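Starting from the given sequences, assemble the full structure and let the hints guide the process.
Single-letter residue listing:
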Amino acid sequence: MAQMNMVQAINDALRLEMKRDDRVVVLGEDVGKVGGVFRVTAGLYDEFGDERVIDTPLSEGGIIGTAIGMALYGLVPVPEIQFADFIFPAYDQIVSELAKYRYRSGGEYPCKMVIRTPVGGGIRGGHYHSQSPEAQFIHVAGLKVVCPSNAADAKGLLLAAIRDPDPVLFFEPKRVYRAAKGEVPEGDYTVPLGQAKVVRPGADVTIVTWGAMVYEALDAANKASAEGVECEIVDLRTLWPLDIDSVVASVKKTGRLVVVHEAPRSCGLGGEIVSLVNEKAFLHLEAPPVRVTGFDTPFPYTLEMEYLPLAHRILPAVLATAKY
Amino acid sequence: MAQMNMVQAINDALRLEMKRDDRVVVLGEDVGKVGGVFRVTAGLYDEFGDERVIDTPLSEGGIIGTAIGMALYGLVPVPEIQFADFIFPAYDQIVSELAKYRYRSGGEYPCKMVIRTPVGGGIRGGHYHSQSPEAQFIHVAGLKVVCPSNAADAKGLLLAAIRDPDPVLFFEPKRVYRAAKGEVPEGDYTVPLGQAKVVRPGADVTIVTWGAMVYEALDAANKASAEGVECEIVDLRTLWPLDIDSVVASVKKTGRLVVVHEAPRSCGLGGEIVSLVNEKAFLHLEAPPVRVTGFDTPFPYTLEMEYLPLAHRILPAVLATAKY
Amino acid sequence: MTTVSTDRGPHHRSAERRPEDALAADVLRVMRPDGSLDPAADPHLSDAEVLALYRAMVRTRVVDERAVALQRQGRIGFHIGSLGEEATIVGSAFALRPQDWLFPCYREFGAALLRGLPLERYFDNLFGNAGDLAKGRQMPDHWCDREHKLGSVSSPIGTQITQAVGFAWAARLRRDDVVALVYFGDGATSSSDFHNGLNFAGVYRTPTVLLCRNNGWAISVPTERQTASEGFASKGAAYGVHGVRCDGNDLFAVVRACRDAIARASRGDGPTLVEALTYRLSGHSTSDDPKAYRPEGEVARWSELDPIERLRAHLVARGQWGAPAEAALHAELAEEVRASLAAAEKKPAPALASMFEDVYAEPPWHLREQREALLAGPRAKGHGG
Amino acid sequence: MTTVSTDRGPHHRSAERRPEDALAADVLRVMRPDGSLDPAADPHLSDAEVLALYRAMVRTRVVDERAVALQRQGRIGFHIGSLGEEATIVGSAFALRPQDWLFPCYREFGAALLRGLPLERYFDNLFGNAGDLAKGRQMPDHWCDREHKLGSVSSPIGTQITQAVGFAWAARLRRDDVVALVYFGDGATSSSDFHNGLNFAGVYRTPTVLLCRNNGWAISVPTERQTASEGFASKGAAYGVHGVRCDGNDLFAVVRACRDAIARASRGDGPTLVEALTYRLSGHSTSDDPKAYRPEGEVARWSELDPIERLRAHLVARGQWGAPAEAALHAELAEEVRASLAAAEKKPAPALASMFEDVYAEPPWHLREQREALLAGPRAKGHGG
Ligand SMILES: Cc1ncc(C[n+]2csc(CCOP(=O)(O)OP(=O)(O)O)c2C)c(N)n1
Ligand SMILES: Cc1ncc(C[n+]2csc(CCOP(=O)(O)OP(=O)(O)O)c2C)c(N)n1
Ligand SMILES: [Mg+2]
Ligand SMILES: [Mg+2]
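First to last, the sequence lines map onto chains A, B, C and D. Residues 1 to 324 in our numbering are what the first sequence lists, from first letter to last. Residues 1 to 324 in our numbering are what the second sequence lists, from first letter to last. Residues 1 to 385 in our numbering are what the third sequence lists, from first letter to last. Residues 1 to 385 in our numbering are what the fourth sequence lists, from first letter to last.
The set of hints was computed from the structure by calculation and includes no laboratory data. It is possible that some hints are incorrect.
Below, simulated SDA-like cross-link-like pairs (lysine to any residue); rule was C-alpha separation at most 25 Å, straight line [stated by the list, open to error]:
{"id": "1", "chain 1": "B", "residue 1": "K19", "chain 2": "B", "residue 2": "Q3"}
{"id": "2", "chain 1": "D", "residue 1": "K291", "chain 2": "A", "residue 2": "A226"}
{"id": "3", "chain 1": "A", "residue 1": "K280", "chain 2": "C", "residue 2": "W365"}
All values derive from a computational prediction rather than experimental measurement.
Structure, rendered in structure tokens:
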């Protein structure tokens, strides 16, 4: 095992898989010579050359559109979108084409790739370097969505995603790119898609979250514990299709649910989780499920720490739910 | 009052408002000479000329991007997107620019327009002429979303939308473009945004829906009535910001909620409504809220009547909820 | 603010799309008005090849007209055809080598049939039945066929352009001698994907042939409302992409332009934007009524350049064709169409459960649940699900 | 499949962005190497104008360097500057008439200051404080100012291009003599919005000046990786848009090219794509380290064409400038910067409740609820909310 942060772990996964499978191609803006603006692809250009680590013109639509063509040919593209906020020029290619290609061709054309992109707030990025658009992809049938919270999961999930037969959006929580440091197994291993992880057991309140907010939930849970409330924290890891069994099992145990995510509340993944829990564990609910989320405003610059659903906002929600 | 179908009612609203306010400009593919592929803008080109009813190049990004510029100048653009399925090339301009312009400029630049576009299934349109993408816009802070179910509302809501200070997505349920015929008041009137309408009172189960599915809900409600279950149907009309008071009042009365929409279930507006009802009327719920929606697949061609949440799928959900 | 008057600004030129445009000097043309071939540009097709191509063009048109009739009779929901564009569509597909791939827009069923898509399969697609390779999930004329190296038709305009560029790029990265040819209309040149596709093709010198079927119209919008440039081939220069215009109603010119472009791509000399000047003799689709926007007389004038008639005149002049052969061909095609249609129309709708397949490689829990709920519901019966 | 080798296909040319490119024959240039002006192209600025522009360029650079220092000291979070591009930015803004509008990319604070944005307001934006016209909602250098006819900076590359075209189009529809000038980089020419903007501008002949600051790089990606075309101005032809290249480090050339373009637009002769050949002497932003990708020596060579030095040499040659004037200017600017900065840095953060304003004209129920919840919560105190 080695100590790695999330950037290093993702880089390690890319290098391993590019060695193992010569169909894997990385492309995007600034991913080549300079190794990405967050240095996630550092060193790959030197090791694999400019035909497998490709600096592209400044066009997300072009990146994803050509990557779809590459995938149809049989390559395994791993495009990087520099910030998730800049994925929208490619939205049409993703939702109209990538997500539907296998289906609309009656299974004749599997079309898979892993779109890596940094998400989330907390780096003083303002409107356009902070957003968390997972719901805008989950709502579209045909895509899988992943968001790791730590280095070891990031590596194992990315390896699983690249080998998965379906298109995957791989969201990297940039706030903890370097802070999420930990033991990362060497060599090849996967963390299966679709499996959540209970990162803290507890009997009183279930917190479902993912990405950088796992740390905020842990922080809030520790403080709640001091007040006698024990939280169980479910780190989803794969946001879609989500691990319904783990979520429901935890809620059946605690009877209380708090969902935490950075994206705006309305029509976010939180609402989906609340609805699923209603459908599958209604009679176990002892309190109304609560969502602690980003507000329904654009992501602000100066006030970002007020906007984000940090521990100071999670804690009161947990305590109120526990007391309900 | 005149008998009009929804196409005529919308056409009437556009004509009235273009006469009243010379800043109103209609633009889009085929909206001019031919009056739109559904003939919604018929006659406007002849009446207002090619500088106010503008056939554009085939580029939704260009249509919305230039319309934003027009709006910044002080015009009131009413762009048409030929099918909602084709709005995604403009998604970046809508979510990154239109939705955020007022906010990011500290209120210096209001930026409003009404984007009209036909939505929904039932016309044998397959993957790309059937979708209902409202959730992908509601999740983005800053947009309003409207979807009328009948001709009179369509006219009044469109007039209200054009006069509203905020950007509005105006979704027109094309399955009932001609079928939704009824009395439409002549001349100027508005149906205020943000107000739902109870289109059928009932004490046992609340059905929240909108657009073409209102008729399916009515059909199911009549059949349920025969079995002794009385549904209250709330036609949202404005999908966002939604009329929470009407929804909650109805659920408090019935204790039971069924949400019906055509879009795929996951991360759809249905989940949001269920969550809001949890948050505001938890103790009144006597059964788990149910969602009857499109499936989480791309929209199919041959099997579209199986895909859509029609009366035959609403009825069992209503009865099960009532019996819960 | 004052009322906007209409005395300035661009207008719809009500000028007709003139056949003369397709005959201008910078346009590659092989067939001369007298039916003979310009030896300087002649692609030198064998007699058998020319005959086969003539038959393919007529077959395309016969099927097309039949599909329109099926729609009028309510037996299928929709059709989008290629009346008048057969030389462009058939000639370009013919130019491809066996290893090359074809990325369609939506009017190119004639190209698909030429490459080997069985006619019955095409009808299966029009019916959206259980035999359709797309499993009845898409509208009519949205076919696919991997076996014959045909991409999947999708409705959003332009998306296939960028994809074909990526496909060809991948082939090049793999050192495979594979060219991708992609079709799109004049309207599609306004799409973002045209820009992205051309730009990436230019930068990476991908072996792609970008074939713009300039048929004068994008539904009701005429070409001069798509762009203020001089034609479409000239747009290549903005991307470092070679551009060529050809007479799209001249089979030989289309073959020549596409063969040159394929050879160029195969040699590693990069992509070519081929603009084929042709004309949509029908409405946009069975949903469209062109009378509302198309100037009188335009269709009549272009009919004089009908690609099938031109090729037939050439064959007749060459002594290769006559009334008996024509009659025999039509009889043969009528029988083929009758038989394929009868076989296709008998097939059932796709099974209900098939709706949940292929969203992912394996259906996850939520799709399994939704499938079970549907199958257990009131409509499941009668759909074979 | 076999391993992909790297012996074919396009490569990053490691060639440097050569100043010679900016001096090529088809490039509009006014300043001659000896500092004199080419009378054929001279825009005939008065002595006072030239002096004012020199001061504006120096002011831009002084503020720029100060902003970098503030970022290094942790007093602001980010800065994106214009080192080396001052002639392009200041000259183009100067060419505008009072009624014209400016749509910025993100490097043009120098243009904003020239048009009247108070320096203190600019610093307010860098601090994201309560005095910021954008209410501290956006990153540094994402300003806006309606009073001075400055659009709102946004990060997504290219979006402002289409908007500026629509804005100018609207002015034309209203018969107002208003031109919109929009800035974007060489990288932005790859964006879909470049295509959409140019295409609509061409079709509707909108009075727009489309100014491409070709500074050689898009972060780490060099211009030849953006396009295989010959430069960027030539792309205009694909849209029927007039194209001009000018030496972007020659203030007079920039003024001349932009004035011509504005006059053209105002006359109703349509849009112009102006490519200003310049160079980004700094990193992309304070977050970037160009050492990782930029060839040695490139900066040094371009520094010889530093637009401020070139203009100073011209002024000196003209006898209008000397060391004492330079020293006085710097002293004056230092004091201005000090005072504005001090005033700005004192201001508080925006009020907590302001987060919920301006999403809509009026906050709907859900935002009112969210606001109340936040104000009632543990952090509300101390933010004046
Ligand atoms: C993104 C998108 N916008 C709009 C449409 C609706 N539409 C279908 S075909 C068409 C016109 C296409 O014209 P052209 O590209 O010239 O092809 P043609 O039909 O003439 O062959 C339009 C606007 C669409 N399918 N996709
Ligand atoms: C749509 C989008 N994709 C990516 C980015 C990240 N990004 C910011 S600036 C930049 C390079 C821009 O280069 P250029 O257009 O040449 O302008 P310059 O910075 O050189 O002035 C990139 C890739 C972005 N802001 N928006
Ligand atoms: Mg066309
Ligand atoms: Mg640049």
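### Query
Which of the numbered hints above does this structure break?
Number 2 - this is the single hint that the structure violates.
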